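So the chains spell out like this:
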Amino acid sequence: MRRSRLRSYWGLSFRQLRTRRLRVFLTAAGIVLGVGMICGVLLLAATIQRTFTDLYDSFYGQTDLVVSGSESAGSLPASALRRVEQSEGVEDASASILAVTSLVGEDGRVEEGSGSTLNVSGDDPEATDFTDWTTTEGRGIRGGREIEVEESWAEANEIGVGDTIRLAAPAGIYRLQVVGLLRFSSGLDFGGEGFGSMPLATARTAFDKPGVFDEVEVLVAGDDEGSVDAVGDRLEREFGKGVEIATPAAKGEDVQRQLQAFNVVLYFFAGMALFVGGFLIFNSFNMTVLQRMREIGMQRTLGATRPMVVRSVLLEAVLLGALGAVLGLGLGVLLALGLIALMRAIDFPVGDLELTWIAPVAAVATGLLTAVLGALNPARRAGRIAPIRAVLGSEGLRTRPGPLRALAGVLLIAPGLAGAFLLGAADETTNGVIAAGIAGIIAIFFGIALIAPFLIEPLARVLSWPIRKLAPVEGRIASDSARSNPGRTAATATALMIGLALVVGINSLGSSFLNSIEREFDRSLARDLTVQPRGFAPGQGPQQTIAKSLSQRIQKLPAAAVVAQERLVAVPNLPRVKGGKEGPQGLLFAFDPKVYPQVDTTDLDGDGASREQVYERIDSGQVTVGKGYADEDGIEVGDALVLEGPSDTRRARVAAIVETIFAGGQTVGLSLETMRDVYGVTADSQLALKATSDAARSDLERQVERLIERDYPNLAVLSNDELKSDVEDQLNQSFGFFNALVGVAIFASLFGIINTLSMSVIERTREIGVLRALGATRWQIRRTIADESLVIALIGAVMGIAIGSGLGWALLKGLSFGIPGVTYQPPVGTMIGVAVAAVILGLVAAILPARRAARLDVVEALSYE
Amino acid sequence: MTPAASDGLAPAIEIRGLTKVFGSGQTAVRALDGVDLEIGRGEMVAIMGPSGSGKSTLLHLLGALETPTSGSIALAGRRFDGLDDRELTLLRREGIGFVFQFFNLLPSLTAEENVLLPALIAGLRDEAIAARARALLDRVGLAGRTTHLPSELSGGEQQRVSIARALLMEPALILADEPTGNLDSKSEAQVLELLAELNRDEGHTIVMVTHDPDAAAVAGRVVFMRDGRIESDGLGRGLLDRLRRIREDLPLP
Ligand SMILES: Nc1ncnc2c1ncn2[C@@H]1O[C@H](COP(=O)(O)OP(=O)(O)OP(=O)(O)O)[C@@H](O)[C@H]1O
Ligand SMILES: [Mg+2]
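Same order as they appear, the protein sequences are chains A and B.
So for the first sequence, numbering that gives the first Met the number 0 puts the first residue at 0; every next one is plus one.
So for the second sequence, numbering that gives the first Met the number 0 puts the first residue at 0; every next one is plus one.
FYI, nobody ran anything at the bench for these hints, they're computed from the structure.
Treat the hints with care, as some may be off.
Here are a few chain A residues that face chain B, going by a calculated C-beta distance under 10 angstroms [what the hints assert, rightly or not]:
| no. | residue |
| --- | --- |
| 1 | SER7 |
| 2 | ARG293 |
| 3 | GLU294 |
Which residues of chain B face chain A? A partial, calculated answer using Cβ under 7 angstroms [said to hold, decoys possible]:
| no. | residue |
| --- | --- |
| 4 | LEU105 |
| 5 | GLU126 |
| 6 | ARG228 |
Bear in mind that the values here come from a model prediction, so they are computed numbers and not experimental data.
Just so you know, even glycine gets a beta-carbon here, dropped at the ideal spot from N, CA and C.
The shape of chain A in the complex, shown without the other chains (with noise of 0.2 angstroms):
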């Protein structure tokens, strides 16, 4: 290969890394996958966005102004319509029901995902059409049972022009005839669920809203933004605080701000991969300066200034960095595109990849500062080498750790476990609460990488025992040589430990949740059986409701004794205290006082009033509060709240607070005439049942499957067991995903455990030279060095799962702040998992290295210096 010369001094840097490529590889990996998942990340948050306001763009099309219950708390009096049309500004209005149905099939069932679910829109055929889809074929709604629904849908369904559709509404099953088929101009759809059109007369029977509204989409008369402000203040005067007024964008917003919590937490896995990137820059920067003593003792006296050789090596860094960013680019790419297929296969609706400037700009740039992070410490080492280190090499040079190390190790990790516990205890994930939370994890992982030094040496005493005693001779060689560099041993297993680390802090609380709510469940549930919608997730958008005629023909049955309804509405802001600030997001959740008390027992602290007490009173329109929010904004019994919606706006007082972890205790609890009357919501979400006796239980269950397939086949039945699991499937589903994201850090310290073993193999070539010539196989050799790989490797897993625990502590105990209830709960599963992973990593690592140590040439690795 002929290369061009060496131009200047700083060329070095390039000359370098050229010729290492394996090391180049080995260390920019981190930053390939860092920086690979910010951009991935960053790529797919910019094209959901687009994704939201080009479907509310189409939704919405002309609508200024959208006047609706707030969010989803309940519908609009059907006056609401006239007062907005009288309304001064308003040029034209219309009014819509909005509601949640699933197609049933020819064989009378409802298939399982979202492919069956559909939105429909109860629209007046004659007022003006605001929204901005065509019709494709067929023609508009005009009246009686007819419904225009989206192409894509269609088609997925095998759905046509002519066709009659049924759908289990709440009214029972409900057949419709398919008039039009439309797309919405943006070309976009609701992922895999549908949309659907129909008169709203119809809809209204259909869906069980007599004579209420759930939105009113209003036209300004004027263009400019001023008038429709102008408008929007009046509409807010006119309609009070229980309904909320925005514009369509807003509107989207409200969706992009759910999707924010979700954004952190990508964003904050991505930064994490992205820290053992730097780390193994770190590693890596270290063990070639310590390596190149000579090298860069020759250089010094040549005249190279110590600035120079800092720069030299920085520059070396960046070049790194720069590499390691464009290769992550590339695979941010991939990423983003493989994301957004994964979000369409499971019916999430996203649009095309949406590649902006700032996602490779701010990827790129982190990966360099991490980069050059990494390499600074080293980097200054090298600057403090001297020139007479071109005749001694690296000799008399291995110093042990200080003491100061240590106590500033300690002093970082205090600081880091409250920074934790304020990510947990914080009831609001500010941007100032996540970057606390973050600096204080980095901070943990910082202050163990300084202790670290000083761990290696019993760890790798103890840890390497089995290994001894297994081949005493390997064993004895492998713990030596991860002992004899402690500082470069820690750091190997400490890249490792980070990620185990995460996965044991997270699944802790998992875990914790998933016991605490078990309990809970074991505490409250006095039902035998529940009915719900199947996938029914309260708090995730509107929900499909239960047919009111359900209640009573389960009363009916012979089995039954009890039939608790249940009607749960995700609100943005909690009845406030009166005289208080806005309350959190949460959940009202209305009963019967008079039944409910036989299907839960949930424990009520009603200050001395006994059970019956608190219910009468609630029976008589005052309200429950769960302990979350009651400890978060102070609310004791007997304090006032103020209902605000958009039926109503009444005080209330707190009867009880009561002893529930879900929702995270941010809860509400009302009768089911209080919730009537001031939101406007008369729908069952769920029931809870109880049969006459234990014997019957299973009679019950039976009655109430065959009335359900029958008649409600979007309903699904389920026992105290299968509700349990169903909580646990959704938690686990949560936690695999996070698992899978930290995965990639832990991806990327193998790189850094092969890397460091790589170094050992070379600086022992000698050493293993001498070892064959004594008569060592190739096989024995290949076993140090896998044994030292296990060592390191064992040594991140002990510290990830002492680290992770310390973690998942901290973190649950901020958030059992917000959230008293939960406790502590180690995920000893997660840890003999963790413990596993790093054996199989710690061999996976050792394959190659080990490889070239056992083909070394005896010859040749003798006469190595």
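Following the hints, position chain B with the ligands against chain A.
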């Protein structure tokens, strides 16, 4: 180019009361113990003495690789003491060329690039200096090896590359610590001849540490050291004879 070019009269090297103590207390080692030495311009001096007598230490102090415990060193009239790290660096860059026992070539650079490295460090990148690097490689008999990596060169060839490198910046002084210590006898003879020629024909001042009387024989002056002191200084008896004999034996490069 040299730091004290204005001072035409001062000797190349002037050492007064030079002492170097390593460590402290019980384990302190007096590596140099009040050495006085003067070396004229254009001299070639061999330093000999038993192991541990302080030869390398003296050379390292001369090259400003280490600082003395007490005493002074002046290079062409310019004293080292009081110079900060940056000034010492510039002094090494422009005034001193080093040849080490282990050749210390950068493994990722070709022979030519290794020779050129001091100029690149000094920020010189013109064609003239590159031409000089090639000329020097030619001068040390490696014209055909310019693009070879150190790993593709023999020990003697590597040492000749390192000599060419030491010469690139035309330093007033060349310091060599056992330059032939790692070479076979043929390479050794070549390297010694090269150093002698540089001294004789081009007037470079050379200070060379060696254990080998044959190597010392090529020098005009031999300094013997023992226990950190100079034991004798001058032309060893019979050395000139040997010097002549070596010259006759050797083919010119
Ligand atoms: N960095 C150091 N720290 C402590 N003692 C040192 C150091 N360098 C040299 N010494 C000691 O100083 C004394 C002189 O060492 P020096 O290397 O100058 O000897 P030398 O004459 O070059 O020997 P050799 O012929 O073996 O190379 C020795 O006793 C040596 O142990
Ligand atoms: Mg010596």
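Consistency of the hints with the structure:
no.	hint	result
1	SER7	6 angstroms, holds
2	ARG293	6 angstroms, holds
3	GLU294	6 angstroms, holds
4	LEU105	6 angstroms, holds
5	GLU126	11 angstroms, violated
6	ARG228	22 angstroms, violated
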